[in-house]
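One line per chain: the protein sequences are A and B, in this order.
Residue 1 is where the first sequence starts when you use the numbering used here, and the numbers rise one by one after that.
Residue 1001 is where the second sequence starts when you use the numbering used here, and the numbers rise one by one after that.
Hints in this document: simulated from the structure, not taken from any laboratory.
Glycine is no exception: its CB is placed at the ideal position from the N, C-alpha and C atoms.
Fair warning: there could be bad hints in the mix.
Restraint ranges, calculated between C-beta atoms of paired labels, are given here [as the list claims (entries may be wrong)]:
1) A377(A) to P1054(B): 24 to 34 Å
2) D1066(B) to G72(A): 34 to 44 Å
3) E385(A) to D1196(B): 28 to 38 Å
4) L1110(B) to E385(A): 50 to 60 Å
5) D1178(B) to K48(A): 47 to 57 Å
Residues of chain A placed beyond 10 Å of chain B at every Cβ, according to the derived structure [unchecked claim]:
6) V77
7) E139
8) P384
9) E385
10) A420
These are the residues of each chain, in order.
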Amino acid sequence: MSTELSTGATRQSAEALARSKGEPNWLVELRGEAAELAGTLGWPKPEKVRIERWNLTAVGNYEQSTAAASIGELPAVARELIAEGTENLLVQRNSGVVWKQFSQDLASKGVIFTDLETACKEHGELVQQYLFQAVAKNEDKLTALHAALWNGGVFVYVPKNVEVEIPLQAILFNDNAGATFAPHILIVADTHSRVTYVDSVVSEPGAASAPFMHPSIVEVFVKAGAHVRFGSIHHMGETGVDMTIRRAVIDNDGRMEWIIGDLNDGNTVSDTKSVLNGKGSTSDAKVISVGTGAQQMSLTTQAVHFGKSSDSDMVTRAVMKDSASAIINGITKIEHGATKANGVQTEKVLMLSPKARGDANPILLIDEDDVTAGHAASVGQVNPEMVYYLMSRGISKQDAERLIIYGFLAPVVSEIPVEAVREQLQRLLERKLEG
Amino acid sequence: MATHFVIDGLKAEIEGKEILKGINLEIKGGEIHAIMGPNGTGKSTLASALMGHPKYEVTGGSATLDGEDLLEMGVDERALAGLFLAMQYPSEIPGVTNSDFLRSALNARLGEGNEISLIKFIRKMEGKMKELEMNPEFAHRYLNEGFSGGEKKRNEILQMMLLDPKIVVLDEIDSGLDIDALRIVSNGVNAMRSEDRGFLIITHYQRLLNYIKPDFVHVMMQGRIVKSGGPELAERLENEGYDWVKEELGIVDETVGQA
Ligand SMILES: Nc1ncnc2c1ncn2[C@@H]1O[C@H](COP(=O)(O)OP(=O)(O)OP(=O)(O)O)[C@@H](O)[C@H]1O
Ligand SMILES: [Mg+2]
């Protein structure tokens, strides 16, 4: 296992690896700088979660990947997620992308859907304009570490006025805990374009049973009038640490939708943020999570309003079992000048065990008078009146509680755009809730 | 076996306050009983105690349905034994669609191995909804969430029709219903009248009893049934109010548990 990168001082190794993969000079340099930064910067400090106690150094070593000859060669954990008859699919296994297919029709319209490593080589100028522009590589040790060693990844570019009807799907999976697994997702939706992207981030049970860390960054650029729907389900095993930073930058009248399922079995930091730069820009974020075992999570949604009449809505719902703990932060920030902005957020936690912990922290930071904002947060148990009502119709206590818990999560489940992924989500929920 | 529901000396309390002070009532299949009585006299408490609401503690007496002790059973078992309560204030359950709920309830009633197919269920549900003149969209709405008062009541009757219970308790099913809905809901209830089914209808108004003719009318005060009679009793109460009953029985404060 390689731990040098997390302790810094490996500009050389990061650059050497980048060169050996034939990456362009600008990227080699970026990685080198980032590796150096990773040695000096501190880890992010999420509220009330002591991530320094987690195994953050298990970033592993780069594993040369071999392209799969057919979908059938992929392990079941990936295969079962594939939308039937899909034309637009990308699969990353450990450190690299092993499968991609893309509709000719979309390619001919100028849409790009490929792994980010390839995009850096083939569309370098375009990628450079955006890569690490929403999330800077020098924010903290996590972003720097990620910048130094990210691999595989996804690049989506949708040209002006092009509407992509069918969701683009990515499956990012880890079946070797010793391999660096650090995908970077970069999505650029040019003016008045439209696209839906859905990914599943999973680890193969059994195969990835040693500690591993998944440092991941998602950057989305929503240009004027564009509309991006981003769905993502994370389900990695108990030994994994998931550190995922998602950020969208939204121009005038652009719209961003986040639909996130944080369903790992291991420790998780998930931070999903929309920066509403444009006038009339809007963002909608929905996050669900189920905490089981002794896992610890920090789940944050953020909306930062710069644009006038910008609008954000954030919903997080978490069900906490066993002795799991989740600190759920919602941060709505309205900057001075963002008149007529509106930001609302709701965090709800359903506690199923007296040993579980769930904190909801709604935060409104408002530097402008002419705005509306609201928040609601609640932490509670399954409502006994509801259980009584359902039981009075002959439904058993267990089924009644089950219905209520699924109902609690339903607003997000029903929004997942790809059926195969929605089914995965159902299975995962069943596993986590009833397992 | 003909339905036979017997409440004998039922006493119940909530948060240490005794509300039901010994209720006696017998309902046979085919009969319709009405319970009337001023606010706060224990009518809903009776319904809740019978159904097994966790907040109510039964402290004495018994309730049997066809010889089976209801009070020994869990809430779900009482329902499966054939008791149905249309609640005065039905719960809202977010995220659970009405049709998913109804199917779970029906399947619980039919029992493992006898579940209804999805297609048959939908046909059945849609048929009943049509009878109740409910907009089909109510199948896909979350259970009672954002339903108007009258819509909730109609939905209670929909559940009654699907679950085919032996003893139906309707707690103020008429409150919140407009004139047309009152007729539709009453038609629904009347269509369910049968020799094997008994009804206990809690209401404040004669107008419901014009549609659903009761065989017996009981007056509840101070957590007891203080007077029983035929349909003419309800008519007299509608015209004259409760003062004459109180005078006749020497009751000053008819409420219960207010001390
Ligand atoms: N959860 C509770 N906590 C405290 N007191 C209660 C509770 N539920 C009922 N009570 C009291 O019990 C008494 C009887 O209430 P109940 O609801 O049975 O009356 P009711 O006859 O149904 O009245 P209404 O005609 O207004 O529906 C009332 O004084 C009421 O305040
Ligand atoms: Mg009442």
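### Task
With 28 to 38 Å as the target window, see if E385(A) and D1196(B) comply at their CB atoms.
About 31 Å separates the Cβ atoms of E385(A) and D1196(B), which means 28 to 38 Å holds.
#### Entry: Outside-interface status for P384(A) - nearest CB in chain B farther than 10 Å
Answer for P384(A): violated, closest chain B Cβ roughly 6 Å.
### Query
Does 34 to 44 Å hold as the CB distance between D1066(B) and G72(A), or does it fail?
With a Cβ separation near 60 Å, D1066(B) and G72(A) fall outside 34 to 44 Å, so the hint is violated.
### Task
Verify that the Cβ of E385(A) lies farther than 10 Å from every Cβ atom of chain B, and report whether the claim holds or is violated.
violated, 5 Å
### Query
A420(A) clear of chain B by more than 10 Å, beta carbon to beta carbon?
Given a closest Cβ separation of 21 Å, the condition holds.
### Message
Does E139(A) clear chain B by more than 10 Å, comparing its Cβ with all Cβ atoms of that chain?
### Response
About 36 Å separates E139(A) from the closest Cβ of chain B, which puts it past 10 Å; holds.
### Task
State, for the Cβ atoms of D1178(B) and K48(A), whether the hinted interval 47 to 57 Å holds or is violated.
Holds, at about 52 Å.
### Message
Quick check: does the Cβ-Cβ distance between A377(A) and P1054(B) fall within 24 to 34 Å?
### Response
With Cβ atoms ~27 Å apart, the hint holds.
### Query
Taking C-beta pairs only, is V77(A) more than 10 Å away from all of chain B?
Holds, since 28 Å exceeds 10 Å.
### Task
Look at the Cβ atoms of L1110(B) and E385(A) and judge whether their distance stays inside 50 to 60 Å.
Since the Cβ atoms of L1110(B) and E385(A) sit about 26 Å apart, the hinted range of 50 to 60 Å is violated.
Figure legend: structure checked against the earlier numbered hints; hints not met, in rising order: 2, 4, 8, 9.
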